[in-house]
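Peer 1: Take these sequences, add in the hints, and give me the full structure.
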Amino acid sequence: MSQSLDIDLLRSFVAIAETGALGRAAARVGRTQSALSMQMQKLEGIVEQPLLYRTGRGVTLTATGERLLVRAGELLRRHDEALAELRGEQLSGVLRFSCPDDYAVVFLPYLLQGFASLHPRVQLEVMCGPTPRLHELLARHAVDLALVSVAGDGAGGDVIRREPLVWVAQRGGTAASLDPLPLALGAPDALDHLLPKQALEAAGRAYRLAYASSSLSGLVGMARSGQAVIVLTRTAVPDDLQILTSEHGLPHLPSVGVTLAFDREEPTALTAAFAAHVRKFLPAA
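The sequence shown lines up with residues 1 to 285 when you count with this note's numbering.
Everything labelled a hint here was simulated from the structure, so no lab data went into it. Please note that the accuracy of each hint is not assured.
[Unchecked claim] Calculated pairs, EDC-like style, for lysine to aspartate or glutamate (alpha carbon to alpha carbon, straight line, at most 20 Å):
| id | residue 1 | residue 2 |
| --- | --- | --- |
| 1 | K42 | E81 |
| 2 | K280 | E66 |
| 3 | K280 | E18 |
| 4 | K280 | D263 |
| 5 | K280 | E48 |
| 6 | K280 | D158 |
| 7 | K280 | D8 |
| 8 | K197 | D179 |
| 9 | K197 | E247 |
| 10 | K42 | D6 |
| 11 | K280 | E81 |
| 12 | K280 | E74 |
| 13 | K197 | E163 |
| 14 | K42 | E66 |
| 15 | K280 | E163 |
[Claimed, not checked] Restraint ranges, calculated between C-beta atoms of paired labels, are given here:
| id | residue 1 | residue 2 | range |
| --- | --- | --- | --- |
| 16 | P180 | D8 | 55 to 61 Å |
| 17 | A35 | A82 | 24 to 30 Å |
| 18 | P120 | A35 | 34 to 40 Å |
| 19 | S34 | S246 | 45 to 51 Å |
| 20 | G249 | R54 | 18 to 24 Å |
| 21 | D240 | L178 | 16 to 22 Å |
| 22 | S213 | R77 | 35 to 41 Å |
| 23 | G114 | G226 | 34 to 40 Å |
Ideal Cβ placement from N, Cα and C applies to all residues, glycine included.
Peer 2: This is the structure:
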């Protein structure tokens, strides 16, 4: 007798794959960890292949699991769209989304375009700013969800991708050779301000703050002028600027995690739908 892939099993599997931890996945789907483990045993029995590796740091996918994840995401999307259409539950309303400027430049175009094509009755409002300001907006309920940066492993939220921070300056410029190093940095309490200063201090490299701004265009303008070195996520570096390395006498910078911040206890259907869309379509670096 043939077996079929149960939608609930697939939804739990995708939650585990996206969070990398049974505890966070269980919280997302509203089940206990033991119930989630039993679901995965059942799913592995159906496909007759192991899907997960359990390690000390969490859960990773086997090669079969990676293949299933692609299929599962598509099946869940088609299932949810069909159910919503049959129930006459097309999403509508206003969604207030926020993210840092550099993420907006790189990720927003295809994220918003893809969501708008799936949900044409949804009106999207976008606000940009540094991560600390976005958390303030969330606390005031001024936005529904935000794409934010987190340090380290991003405890308390599932990291969707990691973004290396890099030193950036005018191509062929001399700012990196100056002593003290002239810096143009973002908001004082943002990671792209704090982490570079910590790295320079740990390396014993003298620096001075030549310019501070929450504006990405302002920081890029300073770099293009040759007056300062800036720090950006690697994907946001304009083609006409140069990424600096240890060859320029600068210390290595860490990566930051990219995650979604929103009311995970009682998200609206609209917020949950956009969060799922971002998790699916934001490429993992």
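Peer 1: With reference to the structure, classify each hint as holding or not holding.
Peer 2: Taking the hints in turn, this is what the structure says about them:
1. At roughly 26 Å between alpha-carbon atoms, K42 and E81 are farther apart than 20 Å, so this suggested pair is violated.
2. Our distance criterion of 20 Å between C-alpha atoms is met by K280 and E66, whose separation comes to about 14 Å.
3. Proposed proximity of K280 and E18 is supported: the alpha carbons are some 9 Å apart, at most 20 Å.
4. A distance of roughly 19 Å separates the Cα atoms of K280 and D263; the hinted pair therefore holds under the 20 Å criterion.
5. About 26 Å separates the Cα atoms of K280 and E48, which puts this hinted pair outside 20 Å; it is violated.
6. For a cut-off of 20 Å, the pair hint linking K280 to D158 stands: about 13 Å separates their Cα positions.
7. For the hint pairing K280 with D8, the CA-to-CA distance comes to about 18 Å; that is within 20 Å, so the pair holds.
8. Under the criterion of a C-alpha separation no larger than 20 Å, the hint pairing K197 with D179 is consistent with the structure, at around 15 Å.
9. For the suggested pair K197 and E247, the alpha carbons sit about 19 Å apart, so the restraint of at most 20 Å is met.
10. Taking the CA atoms of K42 and D6, the gap is about 10 Å. The hint holds against a cut of 20 Å.
11. Simply put, K280 and E81 have alpha-carbon atoms about 15 Å apart, close enough for the 20 Å limit, and the pair holds.
12. Distance check on the hinted pair: K280 and E74 sit about 10 Å apart at the alpha-carbon level, within 20 Å; holds.
13. For the proposed pair K197 and E163, the alpha carbon gap of about 18 Å is at most 20 Å, so the pair holds.
14. As the CA atoms of K42 and E66 are separated by approximately 17 Å, the hinted pair is consistent with the 20 Å bound.
15. A hinted pair counts as satisfied when its Cα atoms are at most 20 Å apart, and K280 with E163 qualifies at roughly 17 Å.
16. At about 59 Å, the CB distance of P180 to D8 agrees with the hint of 55 to 61 Å.
17. Separation of A35 from A82 is about 26 Å and conforms to the stated range, judged on CB atoms against 24 to 30 Å.
18. Roughly 37 Å separates the CB atoms of P120 and A35, a value that falls within the hinted 34 to 40 Å.
19. Judged by the Cβ atoms, the range 45 to 51 Å given for S34 and S246 holds: they are separated by roughly 48 Å.
20. Taking 18 to 24 Å as the suggested C-beta distance range, the pair G249 and R54 does not conform, at roughly 43 Å.
21. At about 21 Å, the CB distance of D240 to L178 agrees with the hint of 16 to 22 Å.
22. For the hinted restraint 35 to 41 Å between S213 and R77, the CB-CB distance of approximately 40 Å keeps it satisfied.
23. The hinted range of 34 to 40 Å is satisfied by G114 and G226, whose Cβ atoms lie roughly 38 Å apart.
Hint check: violations occur at hints 1, 5, 20; the rest are consistent with the structure.
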